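Residue numbers (this note's numbering), protein chains in the order written: chain P, 196 to 921; chain R, 14 to 112; chain X, 2 to 171.
Incorrect hints may appear among the rest.
Result set (DSS-like, lysine-lysine): computed pairs, CA atoms no more than 30 angstroms apart in a straight line [said to hold, decoys possible]:
1) P:702 / P:584
2) R:100 / X:98
3) X:98 / P:897
4) R:100 / P:897
5) P:228 / P:897
6) P:593 / P:785
7) P:702 / P:593
8) R:100 / R:111
9) P:585 / P:702
10) X:98 / R:111
11) P:897 / X:170
12) P:585 / P:785
13) P:761 / P:738
14) X:170 / R:100
15) X:170 / R:111
16) R:111 / P:897
17) P:584 / P:785
Facing chain X, from chain P, some residues (calculated, C-beta under 10 angstroms) [to be verified]:
18) 900
19) 904
20) 911
If you are wondering where the hints come from, they were derived from the structure by calculation, not from laboratory data.
None of the values given here were measured: they were computed from a predicted structure.
Virtual Cβ for every residue (Gly too), placed ideally from N, Cα, C.
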Amino acid sequence: MLAEETAGWFLEHAWLIPLIPGIAFAVIILFGKREIGGRRVFPLAGAEIGVASMVIGLVLAIGTTYQWIHYVRGVEDPEPVIKSWTWWQSGGVKFGLGEHIDGLAVAMLLLVTFISTLVQIYSLEYVRGDRRFTHFFASITLFSAGMLTMVLAENMVQLILGWEIMGLCSFLLIGHWWEEEPNSRAALKAFLTVRVGDVGLLVGTAIMFGAAGTFTIRGVNEWAVDPSTGHTVVLWAAIALFIGCIGKSGQFPLHTWLPDAMAGPTPVSSLLHSSTMVVAGVFLVARLYPVFHTGLMINAAGQHFNLIAVIGGITIVIAAGLAFVQNDIKKVLAYSTVSQLGYMMMGLGVGAWVPAVFHIFTHAFFKCCLFLCAGSVSHTASHHSFDMKKDMGGLARKLPVTFGTWMVATAALCGLPLFSGFFSKDEIIDSAGHFHYGVFLVIGLVGAFMTTAYMTRATYLTFFGEPRGAAAHFVHDDHHAVAHDTHDAHAAHDAHDAHDAEPVHGKPLPFAPTDSPWLITVPLLILGFCSIFSGYINAAAFKTHYFDRWIESSIGVGLPEAEAFKWVNALPSIIMIAAGFTISLAICLKIFGTADSKLKGLTARNPVLGGGYQFLVNKYYLDYLYEKVIVHAIAHPIAAAAYWVNQNVLDGVVNAVGIGGRKTGDWVYKNVDQRVVDGAVNGSGTVARGTGGVLQPVQSGKVSMYGALLFGAAAVGALVLVLVNS
Amino acid sequence: MLLNEFLLLGAVLFCIGVYGVIARKNAVMVLMSIEVILNSVNINLLAFTQVHNNLDGNVFALYIIAVAAAEVGVGLAMVLLIYRNRKSISLDELSEMKG
Amino acid sequence: MLAASDLDVAQNIAFGVIALIMVVSAINVVRSRNVVHAALSLVALMAGAAAQYLLLAAEFVAVTQVLVYIGAVMILFLFGVMLTRARVGRETDLNNKNWAVGIPVALLMLGAMVYVLLKGFGDDRLHPTSQVSTAELSDSIFKPFLLPFWALSFVLLAAVIGAIVLARKD
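Next up, chain P with everything else stripped away, as it sits in the complex:
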């Protein structure tokens, strides 16, 4: 391959990037808590290994990025760097592990290592004193290893391997405090819901292997665009794979697990369930785009709807709707994540590949930042509670860094011009219109409106207004210790161990003395910075297309040319943002403000609005549908039927065999054993005795009889001799 000769060391050895966290996981699990001579081997109980491995991974990823950029600059049509090592072979089929480094993989590698490093540093402070500190770091390191494996996977089997490792770590981490039942239930719900989708992934892989004869990404992509491939097969493969993406990326209808996943610690939410793991589905679609593009005939002439775009569009709207009725700040952000994932899917669905992937990139920064801000608030101000209505409010002054980065990230999320979100999200909306998917243009704009509105609500409740509950104690007192005695129940999730003594907190930044410790606020600052400036890599408004150029070789199919940027086209979304902000702020002030207002308690008085509110609060009754109706209907009859089969059929067969065996044994005993065998034995005895009895008179003891017999025999013998010889 051309790539081999000119590729650099980092590109060739990019497979080290997942390997090092993998080894780190093993070391943390095995040796994290070891003590030699009473002293801990690792003073931070394994966390330093995790952080170190992620830093090394980040350095390697930066090197890889640099070499890829350099490589792409020189070559017209860059080939991906593919390396493979066969770990098993069976019947002519080779299963390999390897790397498939192209622009998309490089971008994801960099993103995952960067975010993972920041979150691990954040966790050093946030998870301090936790009951399972070492296991937390082990799981989070393993997650990074899994996602990195998936991102540079050379073939579908490796991709699925990474996918499943991520699912496992998600389960482990959501249920980190599994002693409380809601947490373990949330973990199970996440795992099983994604599993439902994974069936599609496996079926899709099988279909592709059956039709294309190969597992490799490259082979599959080439098979998809091959003109001789039947269209129906590609369509079915695309649908099956997309079902996997629906599950993993929280699209409608399998989105129900994501909000419940907020039961895990905040670093988990920020790493897995906002920036990296949930985008795995989007990544899969982007990676195998030729399959989806050909199968679903995206951008085909006259097409206005396709499966991916529709699902993405629905997801945007319903998730945004649900974000309005949440009191838990993490749930707001979770629904926001679902909504943004909808944007990414919709982008891929309309053929806006580069904007969608770029949105993955930028969204990771600002969403991670938002979650970490929420964590910072709860860690420092609201005493581990995430309830906005009960324990937050008026924190803007006291948490300046947190507040500042929150605002920056929110602006990026809403798509305010000059922030990174504008350059990615707006491109998606724009492309939807330009590529003749007008409906999705409208949906995108509506989504932008709703995003701004609910984020305004959340921001107002958290940082403005009168401080409530724990926030009140924080704002008006200087010591945490007082807040202890008066605060009753913690929020169900994010419950730390009861600390009777003041935990050792880190030192805050010098210019924000009442804010969170520096281990928390520094990552916030870094992410805030990225939220602003990462957009400029691909700012169509300013004619920078670096990201585009670096990554477009990964698309695999020819896409229609995007329209050149015009500020006029961006106007509708800007208007939407402004409208959302003002309307939402007005309503917030009315409802949550101190002034008396007709809007307060509206949903309680008005039955229609009240019904709508209940509908939203119950999450469209989807959870009810899934758990009570579908699962119950399937599980109970099936379980009952299985029990019936077990008792009557299986046990019946076993019992019948047993009874039959016993009856046969009895019959055999009576007839064969007693009559035939014993009869034979007794008979032979009787015969012997009879013969003996018959022959007994011969042994009379009388000599004369013996003599008679002797001579008689001799006579007979003589006779016989004579007769024979005559």
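Let chain P serve as the given structure and place chains R and X on it in line with the hints.
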């Protein structure tokens, strides 16, 4: 003379002796019947020396006479012993070896 | 058969008469009710046998027969009869229970033997001559048949000792 004369005579005597061994109850009588048999055999042997012009028959006949003498001696001693122990030499009563 | 001879008429007649006596004596031995009568019939039988031996030109054997058989063996028999208190005179029955079995056996045997003899030896002639001399007989005993002679002497020795051991009273 015909050879057969002597041989037939021997055969007749032999069979009479056999009948006597089988039919007689008294042990001494049985021994006597055995003597009859032995004598018939002697006649046979001596007839055949004349046929073959060989002395072996004569020698054998002499030996038979000697053996018969020894046998009768021992046999009668046994009969006496039995008689002393059981007061009877009826073979019908001497059947303790019956099985 | 008996009459089919030319020069040996006298011998034939002699043979016939003696054979008749012998057979009658033998039948008497096996059918007599009196033990002593049976013993004396046995003596007659043996005497007849000795006469036959003479006819067969075996003089030494005939003399030995008389001396040993009649002179010693029969005396032994008579002593045996005497010592076992066999009742002199008539006894109830000297035949055992199954005496009838003997008849068919004997007849069967007789039949077989007669048939064989008649078939086998048909009309073979005998011309007994006194070629046999006692000196040759003794030479024959003491040269080729020496070993049987020695064995015989041991047998007799054993018999004598055995008889003494068996019959003595202490």
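Verification of the hints:
Annotation: proposed proximity of residue 702 (chain P) to residue 584 (chain P) holds, straight-line Cα distance about 29 angstroms (limit 30 angstroms). A threshold of 30 angstroms between alpha carbons decides the hint, and for residue 100 (chain R) with residue 98 (chain X) the separation of about 20 angstroms falls inside it, so the pair holds. Restraint check for residue 98 (chain X) and residue 897 (chain P): satisfied, since their Cα atoms lie roughly 10 angstroms apart, inside the 30 angstroms limit. A distance of roughly 17 angstroms separates the Cα atoms of residue 100 (chain R) and residue 897 (chain P); the hinted pair therefore holds under the 30 angstroms criterion.
The hinted pair formed by residue 228 (chain P) and residue 897 (chain P) fails the criterion: a straight-line CA distance of about 104 angstroms is larger than 30 angstroms. In summary, the hint linking residue 593 (chain P) to residue 785 (chain P) is supported, as the alpha carbons are separated by about 24 angstroms, within the 30 angstroms threshold. Between residue 702 (chain P) and residue 593 (chain P) the CA atoms are separated by roughly 15 angstroms; this keeps the pair inside 30 angstroms, and the hint holds. A distance of roughly 20 angstroms separates the Cα atoms of residue 100 (chain R) and residue 111 (chain R); the hinted pair therefore holds under the 30 angstroms criterion.
With a CA separation close to 27 angstroms, the supplied pair residue 585 (chain P) and residue 702 (chain P) stays within the 30 angstroms bound. In summary, the hint linking residue 98 (chain X) to residue 111 (chain R) is supported, as the alpha carbons are separated by about 16 angstroms, within the 30 angstroms threshold. Simply put, residue 897 (chain P) and residue 170 (chain X) have alpha-carbon atoms about 27 angstroms apart, close enough for the 30 angstroms limit, and the pair holds. Straight-line distance between C-alpha atoms of residue 585 (chain P) and residue 785 (chain P) comes to about 18 angstroms, which keeps the hinted pair within the 30 angstroms bound.
In summary, the hint linking residue 761 (chain P) to residue 738 (chain P) is supported, as the alpha carbons are separated by about 11 angstroms, within the 30 angstroms threshold. A threshold of 30 angstroms between alpha carbons decides the hint, and for residue 170 (chain X) with residue 100 (chain R) the separation of about 15 angstroms falls inside it, so the pair holds. This hinted pair checks out: residue 170 (chain X) and residue 111 (chain R) have alpha carbons roughly 28 angstroms apart, not beyond 30 angstroms. Annotation: proposed proximity of residue 111 (chain R) to residue 897 (chain P) holds, straight-line Cα distance about 7 angstroms (limit 30 angstroms).
Distance hint between residue 584 (chain P) and residue 785 (chain P) is fulfilled; the C-alpha atoms sit about 15 angstroms from each other, no more than 30 angstroms. Hint on residue 900 (chain P) holds. Least Cβ distance to chain X is approximately 6 angstroms, under the 10 angstroms limit. Among the interface hints, the one on residue 904 (chain P) holds; its C-beta lies about 9 angstroms from the nearest C-beta in chain X, closer than the 10 angstroms criterion. Given the 10 angstroms rule on beta carbons, the hint for residue 911 (chain P) holds: about 7 angstroms separates it from the nearest Cβ of chain X.
Consistency note: the structure conflicts with earlier hint 5 alone.
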